[in-house]
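Novice: Residue strings, one per chain:
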Amino acid sequence: MSVLSALLLCVLSAAQGNRSWWGEVRLAGPLESVRFDCGADGEVVLATSLVAGEETTLALPFPVRSPLGRDGLATLPRPEVTVLGAGRAEFLRWSSEQPSDAFERLPVGLRARAWPPARGGGTLGAEPSALLLVLALSVLVLALRRRPAVALALAAVGAFSAHALALRGEDAGHPLSILDLEAGQGRGLRSSTAGELDPLPANVLEVEPGRARLVFALRREDGRLSGTASSPTERGARLVVREVLAADPWSRDAGRRDLAQAWVRGPEGAWCSHGAWASGRPLPPAETGDGDAPGWLKAGLPPGRDVLLGRFAQAGEGWLRQVGF
Amino acid sequence: MSRATLLLAWGVSLLPLLLETIEAEPILPGAARAGLVLLPWLALAGIPSIRYRAAPGRGRWDSALLPIALLLPVLGLALGLDARSGRATLVPALLAVAIVLVWSLSREALRRGGGTRRRVQAAAWIALVPGVVALHAALAWAPPGVAPARWAWTERCSPLAWGLRWTAAGADLADAPRTGGFVLGVALLGLALLALGPRAVEGEEGA
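The listed protein sequences correspond, in order, to chains A and B.
Whatever position you read off the first sequence (first residue = 1), add 47 for the numbering used here.
Whatever position you read off the second sequence (first residue = 1), add 8 for the numbering used here.
One should not assume that every hint holds.
Said to hold, decoys possible - Residues from chain A that face chain B, not an exhaustive set, calculated with beta carbons under 10 Å:
hint	residue
1	128
2	130
3	131
4	157
5	174
6	180
7	181
8	182
9	185
10	196
Don't read these hints as lab results, they were simulated from the structure.
Idealized CB from N, CA, C, for every residue including glycine.
Please model the entire structure based on the sequences and the hints provided.
Specialist: Now the structure itself:
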């Protein structure tokens, strides 16, 4: 059974796969814009300003799907090149060093940890209760229209309440960040999600759904490359950036950060909530109940090992998941 | 504002939040929700009326505050959703509410102040709200080089143009060019002074 699970994990991992493979191109001016069409996988649009006689070779990311990883790149069709200007552009070869190399060297267990479902990590739009509150307040304001001062005071209180209700929960459209660690590895994996990426990172890039067409809009100015990644044809597509951290950022040496909420699982499998955990302080005693850690955060963790889950106190830092705590 | 205009502005301002909840997709990805909510109020708060019938016993503040009271809960919800997605929109939103209040107050006060004052308010609204937007739509269609660059500063004279820019690009309202912002500020200040002046009170009493 475990062999089957491992095979399934490998297949799923390959199916989602990296969508940012670097290749080398040669450009000769005068050139304003170059488009590299990668078929159904997407395209790269590079804005540049090469003058006549200027020639350069540079590496660009391409949003191709390579189910066999870097070994399968050589079998992929080369991107079709269209230039705007009288110059030339040519795709030379796939780069010998890929940002995904460090990611591929991580243990499979660390690479394949569970993710929130596309819409499950939060909500988009208002909670129904907040909308109902706004509707009820509007009716009350209209009913009190002959006493506008009272109506205004009521509306102000209602605005604060609606604001507070809207702040509850986590926006599915808001970037989500997870720091995954495994004891003894000395490395970490930070995964971040967004609807689109600005700037485009030089890391492993995955997309959900995996079939989504990606567009890399790149700009080369003063020799520096910048750009964005988006999926304009796939509504609700989620881009996932996977960044391998050379050192464990949660180690005592690196300095731990405050957790707004911490959950611990013992080897026997029972979860305990420990509330907020300030850095430099001992782990607070377990609270009653088994805690309310999100299901996706707890899913698929290896049995028989200590696990620490946490939500960082600082906004935007996201979640912590450490096996072998 | 007439009851129909009030309900129209309120409904249009709530619609993006309602649709986003139903569709579970942003209506305009990247746009500030507070900007979407404020846009119809910026457009309609000062809309002039041809006929005017004063409600007995109601002052200019009474009528001017009602749009703000209807706007605030929807705006509070939009600001909360913006904050949840990491966007700080409170300061430009407060500025836009102040603009809505000035439009609304000037409309209510000046139309009570007699024909000339009512016409001043109507002309200001037509010039600043649809006028500037129409001018720039026309300039955008002109062949390159024909549209005079000296009209560019007028782009930010209209609160509606500010709202559109803020809503579409998520830019800060403070990004507006200084000349356009200055002209709009002077126009709104003038309207506010006219609306709060003693002649307007006399007109109100006579209405």
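Novice: All hints are to be evaluated individually against the structure, with a verdict given for each.
Specialist: We went through each hint and held it up to the structure:
A distance limit of 10 Å between C-beta atoms decides the matter here; for residue 128/A the minimum to chain B is near 29 Å, and the interface restraint is violated. The closest approach between the C-beta of residue 130/A and any C-beta of chain B is roughly 24 Å, which is over the 10 Å cut-off, so the hint fails. For residue 131/A, the interface hint is violated, the least distance from its beta-carbon to any beta-carbon of chain B being 18 Å, above 10 Å. At its closest, the beta carbon of residue 157/A sits 28 Å from a beta carbon of chain B; the interface hint therefore is violated under the 10 Å criterion.
Annotation: interface hint on residue 174/A holds; nearest CB of chain B at approximately 8 Å, less than 10 Å. Proximity of residue 180/A to chain B holds as hinted, the smallest CB-CB distance being about 7 Å (cut-off 10 Å). The criterion of a C-beta within 10 Å of any C-beta in chain B is met by residue 181/A, whose closest approach is roughly 5 Å, and the hint holds. With a cut of 10 Å, the hint placing residue 182/A at the interface with chain B holds, because the nearest CB-to-CB distance is about 8 Å.
Checking residue 185/A against chain B by beta carbon gives a least distance of about 6 Å; that is within 10 Å, so the hint holds. Below 10 Å, beta-carbon pairs count as interface contacts, and residue 196/A has one with chain B at about 7 Å; its hint therefore holds.
Going down the numbered hints, you'll see the structure goes against 1, 2, 3 and 4, while the others check out.
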